[in-house]
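Novice: So the chains spell out like this:
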Amino acid sequence: MGKAIVITSGKGGVGKTTTTANLGTALAMQGKKVCLIDLDLGLRNLDVVLGLDNRIIYTIVDVAEKRAKLHQALIKDKRFDNKLFLLAAAQNTDKSALEPEEVEAIVRELKPEFDYILLDCPAGIEQGFMNAVVGADQAIVVSTPELPAVRDADRVVGLLEKFDLEEPPMLVISRIRKHMVKNGDMLDVDEITHHLGIKLIGIVFDDDEVISSTNKGEPIALNDKNIAAQCFRNIARRMEGQTVPLLTMEEEKKQGFFTRIGAWFKRS
Amino acid sequence: MGAVVLKGRKDGYELILKADASIESIIVELKELLDNLQRDENLKKDTQFTFQLNTGMRLLSSEEKKQFEKLFSEYSHFSIYKTVSDVVNRQDAYDFMDKHNVHVNAATIRNGQVVTITGDVLFLGYVHQGGILRVTGNIYILGDVAGIVHAGFEDNSTAIIAGKIGNAQQVRIGDLVDIMEEIDIAIPDHTVVYVNDLHKLSYTKVDELKSIRPKLFVGVGGF
Numbered sequence: 001m002g003k004a005i006v007i008t009s010g011k012g013g014v015g016k017t018t019t020t021a022n023l024g025t026a027l028a029m030q031g032k033k034v035c036l037i038d039l040d041l042g043l044r045n046l047d048v049v050l051g052l053d054n055r056i057i058y059t060i061v062d063v064a065e066k067r068a069k070l071h072q073a074l075i076k077d078k079r080f081d082n083k084l085f086l087l088a089a090a091q092n093t094d095k096s097a098l099e100p101e102e103v104e105a106i107v108r109e110l111k112p113e114f115d116y117i118l119l120d121c122p123a124g125i126e127q128g129f130m131n132a133v134v135g136a137d138q139a140i141v142v143s144t145p146e147l148p149a150v151r152d153a154d155r156v157v158g159l160l161e162k163f164d165l166e167e168p169p170m171l172v173i174s175r176i177r178k179h180m181v182k183n184g185d186m187l188d189v190d191e192i193t194h195h196l197g198i199k200l201i202g203i204v205f206d207d208d209e210v211i212s213s214t215n216k217g218e219p220i221a222l223n224d225k226n227i228a229a230q231c232f233r234n235i236a237r238r239m240e241g242q243t244v245p246l247l248t249m250e251e252e253k254k255q256g257f258f259t260r261i262g263a264w265f266k267r268s
Numbered sequence: 001m002g003a004v005v006l007k008g009r010k011d012g013y014e015l016i017l018k019a020d021a022s023i024e025s026i027i028v029e030l031k032e033l034l035d036n037l038q039r040d041e042n043l044k045k046d047t048q049f050t051f052q053l054n055t056g057m058r059l060l061s062s063e064e065k066k067q068f069e070k071l072f073s074e075y076s077h078f079s080i081y082k083t084v085s086d087v088v089n090r091q092d093a094y095d096f097m098d099k100h101n102v103h104v105n106a107a108t109i110r111n112g113q114v115v116t117i118t119g120d121v122l123f124l125g126y127v128h129q130g131g132i133l134r135v136t137g138n139i140y141i142l143g144d145v146a147g148i149v150h151a152g153f154e155d156n157s158t159a160i161i162a163g164k165i166g167n168a169q170q171v172r173i174g175d176l177v178d179i180m181e182e183i184d185i186a187i188p189d190h191t192v193v194y195v196n197d198l199h200k201l202s203y204t205k206v207d208e209l210k211s212i213r214p215k216l217f218v219g220v221g222g223f
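Chains A and B, in that order, give the protein sequences.
Residue numbers for the first sequence follow my numbering, so the first one is 1 and each next one is one higher.
Residue numbers for the second sequence follow my numbering, so the first one is 1 and each next one is one higher.
With the rest of the complex left out, here is chain A:
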């Protein structure tokens, strides 16, 4: 039986879809069978982030309204051998086109076949949010280290607690800029975690490559060397129950040639 996890934030633009795509990718790379469901009806973009937008035939609304079978609507990501699937959102309807029971039924049908079902929640706390949460067993709340995002995350955690999920919500802090945190211009990770009072499952550093790879339709998690990719892979490993320490805030100084030589002669 798989786990259904909703990825939500309240505020828009904090990286829900990026997180969903990359956690899905990272889990698939670990050999897990993953299904991503885009619930942002009307404004879908998970398909674009994954580079699967050309291959959508049926959407979740088609499934809910019985125009298509569930397995017909699942889009396979060919980069992963039968491991990663997407159920796309419809574009020409609004959030009220789906009922919570319909989403629940779809998730229930997917659970036996998959290890993870990740639900990409739309911004806001209206019907779209309700749809995404009723199907889930667990929740991941994404926030950036900015006050408005943390405030909205707080609101969402409050709402999630009412839903009686199997486990308390987990926190991902995304778009951390090392140098700003170091200078004290950005909220501290510990501060946010303590304030929200939920378990931190990972942090993701801000990186230009996230944007460029999104534009290419390749989730950054596929990139071996990238720091943000490493962050996402670490979160995926923690979801699997492994203990992985958080990446440090310290910026590795790129030392010049002569400084390094000089260091050999320095008295210790």
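No lab work stands behind these hints: they were computed from the structure.
Quantities reported herein were computed from a predicted structural model and do not represent experimental measurements.
Do not take every clue at face value.
Taking lysine-lysine and the DSSO-like style, the derived pairs with C-alpha atoms no more than 30 Å apart in a straight line are [to be verified]: (1) B/K215 - B/K200; (2) A/K182 - A/K225; (3) A/K3 - A/K182; (4) B/K10 - B/K70; (5) B/K164 - A/K199; (6) A/K216 - A/K162; (7) B/K164 - A/K162; (8) A/K162 - B/K70; (9) A/K3 - A/K162.
Start from chain A and add chain B according to the hints.
Specialist: Showing chain B alone in chain A's frame:
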């Protein structure tokens, strides 16, 4: 016979309606009693006589109350001024308990959440920014408040708030609101907020509480 007993009291007359007699027999007997009284020549005809109805271990329904009122309206100088009983409704009892208890609360009230409590509250939890703790009575704070605390909701201006409120966004009592950012004075951790005689929120030390609201302490602990 014996379903209705008339008793003289310091403050008037009491009619005890026995709880084991049926309402019908009580009405009949009461009518007889009132008729006799009216015929009594010693009775001063120009004074009004008011009676307290005591229903004992029975609660009258509104229908039954109307029956009694109708019966009394037939006599020009007899009337009911009060109906009492030895028992109360279960719900009324719970409400009473709620209202007169100090509830210990350790909730985390997050942004956008409103927690409303009847009675007094000893608060041990967190109120995050944007959260509201709303209480009909007093609030005693031992937890952390970064949001809004509202005592005496909706219009009880005798309520007080005691504890650490320096980090709150707003403090409200009854219909009054203070935005903490706009308050110039330093607010120590052990502060009492109350509504003063000018109907303004006022801040003082906890030890002043005894002189501001002496009634708060009556009935607890004895002498």
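Novice: Against each hint, give a clear statement of whether it holds in the structure.
Specialist: Verification of the supplied hints:
For a cut-off of 30 Å, the pair hint linking B/K215 to B/K200 stands: about 20 Å separates their Cα positions. The straight-line distance between the Cα atoms of A/K182 and A/K225 is roughly 23 Å, inside the 30 Å bound, and the hint therefore holds. This hinted pair does not check out: A/K3 and A/K182 have alpha carbons roughly 37 Å apart, beyond 30 Å. Only pairs whose Cα atoms come within 30 Å are accepted, and B/K10 paired with B/K70 is accepted, the gap being roughly 26 Å.
As the CA atoms of B/K164 and A/K199 are separated by approximately 27 Å, the hinted pair is consistent with the 30 Å bound. Annotation: proposed proximity of A/K216 to A/K162 is violated, straight-line Cα distance about 39 Å (limit 30 Å). For a cut-off of 30 Å, the pair hint linking B/K164 to A/K162 stands: about 28 Å separates their Cα positions. Annotation: proposed proximity of A/K162 to B/K70 is violated, straight-line Cα distance about 52 Å (limit 30 Å).
The hinted pair formed by A/K3 and A/K162 meets the criterion: a straight-line CA distance of about 19 Å does not exceed 30 Å.
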